[in-house]
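S.K.: Mind docking chain B on chain A? Use the hints.
Heads up: the protein sequence lines correspond to chains A and B, in order. Quick note: the first sequence, position 121, residue 121 per our numbering, numbers continuous. Quick note: the second sequence, position 353, residue 353 per our numbering, numbers continuous.
Hints may be right or wrong, so weigh each one.
As the list claims (entries may be wrong) - Derived lysine to any residue pairs resembling SDA-like cross-links, with alpha carbons at most 25 Å apart:
no., chain 1, residue 1, chain 2, residue 2
1, B, Lys333, A, Met138
2, B, Lys333, A, Asp105
3, A, Lys136, B, Phe13
4, A, Lys136, B, Arg15
5, B, Lys333, A, Pro96
6, A, Lys136, B, Ala337
Claimed, not checked - Computed far set for chain B versus chain A, every beta-carbon distance over 10 Å:
no., residue
7, Leu22
8, Ile95
9, Val112
10, Leu223
11, Glu247
12, Arg263
Honestly, the hints are just simulated from the structure, not real lab data. Ideal Cβ positions, reconstructed from N, Cα and C, are used throughout, including at glycine.
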Amino acid sequence: MLKMQDISKIYRTDLIETYALRRFSLQVEPKEFVAITGPSGSGKTTFLNVAGLLEDFDSGRYELDGTDVRGLSDDARSRLRNERIGFIFQSFNLIPDLNVYDNVDVPLRYRRFNNAERRERIGSALDLVGLASRAKHMPSQLSGGQQQRVAIARAIAGDPAFLLADEPTGNLDSLMARQVMDLLEQINEMGTTILLVTHDPELARRAQRNVHLIDGQISDFRAYEPRSEAPAAAATGATGTGPSPDAALA
Amino acid sequence: MLGYYTHLAFRSFGRNPGITALMVLAIALGIAVCIMTLTVFHAMSGNPIWWKNDRLYAVTMDNWDPNQSFRKKHPDLPPPIMTYKDARVVASSDIPERKIIMYTVEATLSGVGAAPLRTDTRMTTGDFFAMFDVPFLYGTGWSKSADNPPQPVIVLSRKTNDTLFGGTNSVGRVLRWNDHEFRVVGVLDDWFPRPHFYDLIGGAFQPPEDAYVPFAWGPALELQSSGDTDCWKPETINNEADFLASECVWIQTWVELPDRATRQRMQSFLDNYWADQHRAGRFPRPRDNRLTNVAKWLRDNQVVDNDNRVLVGLAFAFLAVCLINTVGLLLAKFLNAAPVTGVRRALGASRRQVFLQHLVEVAMLSVLGAALGFGLATLGLAAVHHMYAAAHLGHRGGYQELMHFDTVGVFWAIALAIVATLAAGLYPAWRVGRMPPAVYLKSQ
Numbered sequence: 001m002l003k004m005q006d007i008s009k010i011y012r013t014d015l016i017e018t019y020a021l022r023r024f025s026l027q028v029e030p031k032e033f034v035a036i037t038g039p040s041g042s043g044k045t046t047f048l049n050v051a052g053l054l055e056d057f058d059s060g061r062y063e064l065d066g067t068d069v070r071g072l073s074d075d076a077r078s079r080l081r082n083e084r085i086g087f088i089f090q091s092f093n094l095i096p097d098l099n100v101y102d103n104v105d106v107p108l109r110y111r112r113f114n115n116a117e118r119r120e121r122i123g124s125a126l127d128l129v130g131l132a133s134r135a136k137h138m139p140s141q142l143s144g145g146q147q148q149r150v151a152i153a154r155a156i157a158g159d160p161a162f163l164l165a166d167e168p169t170g171n172l173d174s175l176m177a178r179q180v181m182d183l184l185e186q187i188n189e190m191g192t193t194i195l196l197v198t199h200d201p202e203l204a205r206r207a208q209r210n211v212h213l214i215d216g217q218i219s220d221f222r223a224y225e226p227r228s229e230a231p232a233a234a235a236t237g238a239t240g241t242g243p244s245p246d247a248a249l250a
Numbered sequence: 001m002l003g004y005y006t007h008l009a010f011r012s013f014g015r016n017p018g019i020t021a022l023m024v025l026a027i028a029l030g031i032a033v034c035i036m037t038l039t040v041f042h043a044m045s046g047n048p049i050w051w052k053n054d055r056l057y058a059v060t061m062d063n064w065d066p067n068q069s070f071r072k073k074h075p076d077l078p079p080p081i082m083t084y085k086d087a088r089v090v091a092s093s094d095i096p097e098r099k100i101i102m103y104t105v106e107a108t109l110s111g112v113g114a115a116p117l118r119t120d121t122r123m124t125t126g127d128f129f130a131m132f133d134v135p136f137l138y139g140t141g142w143s144k145s146a147d148n149p150p151q152p153v154i155v156l157s158r159k160t161n162d163t164l165f166g167g168t169n170s171v172g173r174v175l176r177w178n179d180h181e182f183r184v185v186g187v188l189d190d191w192f193p194r195p196h197f198y199d200l201i202g203g204a205f206q207p208p209e210d211a212y213v214p215f216a217w218g219p220a221l222e223l224q225s226s227g228d229t230d231c232w233k234p235e236t237i238n239n240e241a242d243f244l245a246s247e248c249v250w251i252q253t254w255v256e257l258p259d260r261a262t263r264q265r266m267q268s269f270l271d272n273y274w275a276d277q278h279r280a281g282r283f284p285r286p287r288d289n290r291l292t293n294v295a296k297w298l299r300d301n302q303v304v305d306n307d308n309r310v311l312v313g314l315a316f317a318f319l320a321v322c323l324i325n326t327v328g329l330l331l332a333k334f335l336n337a338a339p340v341t342g343v344r345r346a347l348g349a350s351r352r353q354v355f356l357q358h359l360v361e362v363a364m365l366s367v368l369g370a371a372l373g374f375g376l377a378t379l380g381l382a383a384v385h386h387m388y389a390a391a392h393l394g395h396r397g398g399y400q401e402l403m404h405f406d407t408v409g410v411f412w413a414i415a416l417a418i419v420a421t422l423a424a425g426l427y428p429a430w431r432v433g434r435m436p437p438a439v440y441l442k443s444q
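Only chain A is shown next, with the shape it has when bound in the complex (with noise of 0.2 Å):
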C-alpha cells in the first residue's frame, strides 16, 4: 500500500519558493490502477518522483508496503525503489549502449540475483511483452512501440508491488499506445498496482481511479467503475463526482 499524507514538496530559489505539491494526500490500495491528470507543471511528475523516492520531500508522512520512508538512507531508498518500484518513462530511458537483455538486466544486477535467476526474469519480462527473440538487438534497432515495451520489461522483471509510469505512450502512436496500455492493464490484473501520469483522458479512463492535480493539490478525484464493466462509462465520461482526498484516506 502506498500511503501519502499532508506531502509537500517545495523547490527554492533566491527569490521565490514554489510548491510543487501541497499537503498532497493520497492512499492507494494494492493492485489499484490509479491515473494522475493534470496540466503541465501542476505537480504530477514531482508526485511521481516522490512516490518512486526519486526525490525527497519537504514535510508530511510517506509510506510505502508499510515503511515510513523519512529519514531512509539513500541505501535503504535505493533498495526500496529496486525491489518494489518498477519505472517506465516516457522516453523510455533504455540505456543506448546495452542491448535488450542486459537492458532489462539492470535493476536484477541491483537486486543481486544470481546468474540463473537473471536470466529466468529477463526471459519471463521478455516473453511478456512479446520481444523475446528481440533480446540481442540495440534500443536503436527498435520501434518507438517496442523500446517502451522493452522499458515495461525492465521494470517488471524484478516483480516489483508498484509500477509507475510516467506519460508511457506520449511518444507513440495511438496504435503503439493502445498496446502499451493493454499491456499495463495485463500487468495490473495480474496484482501490480499501477500509477499512470498522463495528459491523455482517454487513457485515464481506463483506470480505475483518477487523480486530478491542480498547482501540487488533488482538485478533483474520480472513481471508474471496474475495468470489466466500465468502458460504457468511461467513454462517455459520466464519471460522477467521487470521493474526497480525505475520504480516500479513511
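M.R.: Just chain B, lined up with the frame of chain A:
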C-alpha cells in the same frame, strides 16, 4: 558487482574511445615523467646499504681550526675525515663489532703479463668487506691478522680481474702492486654501491676502487692519499712521521655498532678521548664527536643537490597538471552520461553503487595509464642511459649507471597509479553519484 562494474567500464571506454585515450595518455605522461625523475632521484639519494642503517656509523671528530669551521657553508659539520692518530685510536677500540680506517691511493698493477695497469686502490682494514656486505666472486677478504703487521695480500675488483686475468679465478696468483709482490686472496663480484657512501670525496657516484690492500701498507710505504688531505694548523712536516702526527685529516673511519648500548659506549669512548686530548691542548673547538648513520651521512654531505629536488618537484607538478586535466575529462565524460546514471538510480542503484561503478572505471583508466606510463618511463630511461653511455664511452660506472630501471621504480609506478586513481577519480565519481536522478530522467 565488481565484475559488472568492470564490464560497464569497458563499455564506457568503447563509447568514448577518444576521450578514454586522452585520459590514459595524460595519466601515462604524468606517471612516466615522475617515474623517470624519481628513479634518478632515488639512485642519487638512496641509501645503498639501508638494511644496516642502524648499525653502520661514520666517525668524525672536530679537530679543526678554532677560528673557522671546516666547511664554510655548513659550519655546524665537523670534517668528514680524521687525523691518522685519531683514526688509529678508533681502530684500537674493542667496542665496535667491526671498524674500518681507510683512504685511497693511486697504484700500478703489473707482473702478470698484461700491460701495467694504473688503479685506484683502497687502503683499508679487513673488516671492510664484511662490514659493507661486499660480494665475492672468488676467494674472500683478508683476515684481521693480515692488517697488522700488514701482509702482502690484495683483493681485486671484478673488472680488474677481467683485465689482468681474463676473468679466471686469480686467487693465489701473485702480482706486483707498486712494484711489491702481493698475493690475490679475493676477487669481488659486481659491486657498485650508489651513492659511493663510504667515501664521498671523489664524488658520490664514482665507481668502486680497482683493488684493496691492507691499510698499514700506506704509511709503511709512505703512500700519499689520492683523495683529500686537509690541514689547518701551521706545523712543520719534514717526513712521514711528522705527517702522521699532524692535525691533517685524510682518513675515513667507520664502525659497526650492533645496538644502542654499544653506540652509547662508543660515543662515551670518543668523548673521553676528546677530553683527554683537549686537556693536552688539542681539539680547540667545542666538542663535536659524531657517530653518523649512512642516511644522515648522505644528507649531511648533500649527496642530493637542490637541482634534483627541484626537478622532482617539477615532475610532481607536471603529474598534478596531468591529473587535473584528467579530472576535467572525467567530469565531462561522467556528467555527459548523467541521464544514464539517472536511469540506473531509478532502477535501484544507490549513490554508493554509482560511486563504486565510476571508481572502478577510473581505477581501470589508472591501471592502463600506469602501464603505459611504465612503458614510456622505460623507454625514457633507456634513452637517458644511452645518452650518458655515449658521453662516457669506454668508462664503466659513473652517471649512466644510475639509469637502470629497478624494482624501486616498479614500486613507484604502482604507488603513483594508486595516488593517480584517488586524485583523479574520487571527485568525479563522487560528484556523479550525488546528481539528482529525477532531473535527467525527464530530459533524456
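S.K.: Against this structure, judge whether each hint is valid.
M.R.: Results of checking the hints against the structure:
As the CA atoms of lysine 333 (chain B) and methionine 138 (chain A) are separated by approximately 22 Å, the hinted pair is consistent with the 25 Å bound. About 24 Å separates the Cα atoms of lysine 333 (chain B) and aspartate 105 (chain A), which keeps this hinted pair within 25 Å; it holds. For the proposed pair lysine 136 (chain A) and phenylalanine 13 (chain B), the alpha carbon gap of about 21 Å is at most 25 Å, so the pair holds. The suggested pairing of lysine 136 (chain A) with arginine 15 (chain B) holds, with an alpha-carbon distance near 18 Å, which does not exceed 25 Å.
At roughly 16 Å between alpha-carbon atoms, lysine 333 (chain B) and proline 96 (chain A) fall within 25 Å of each other, so this suggested pair holds. Under the criterion of a C-alpha separation no larger than 25 Å, the hint pairing lysine 136 (chain A) with alanine 337 (chain B) is consistent with the structure, at around 23 Å. With a cut of 10 Å on Cβ distances, leucine 22 (chain B) stays outside the contact zone with chain A, its closest approach being about 20 Å. In this structure isoleucine 95 (chain B) is separated from chain A by more than 10 Å, as the shortest Cβ-Cβ distance comes to about 65 Å.
Taking the minimum C-beta to C-beta distance to chain A, about 75 Å, the non-interface status of valine 112 (chain B) holds against the 10 Å cut. Against chain A, the non-interface label of leucine 223 (chain B) holds: every CB pair exceeds 10 Å, the least being about 79 Å. Against chain A, the non-interface label of glutamate 247 (chain B) holds: every CB pair exceeds 10 Å, the least being about 77 Å. With a least beta-carbon separation of about 56 Å from chain A, arginine 263 (chain B) lies farther than 10 Å from that chain, consistent with its non-interface assignment.
Violation of the numbered hints given earlier is absent; every hint is satisfied by the structure.
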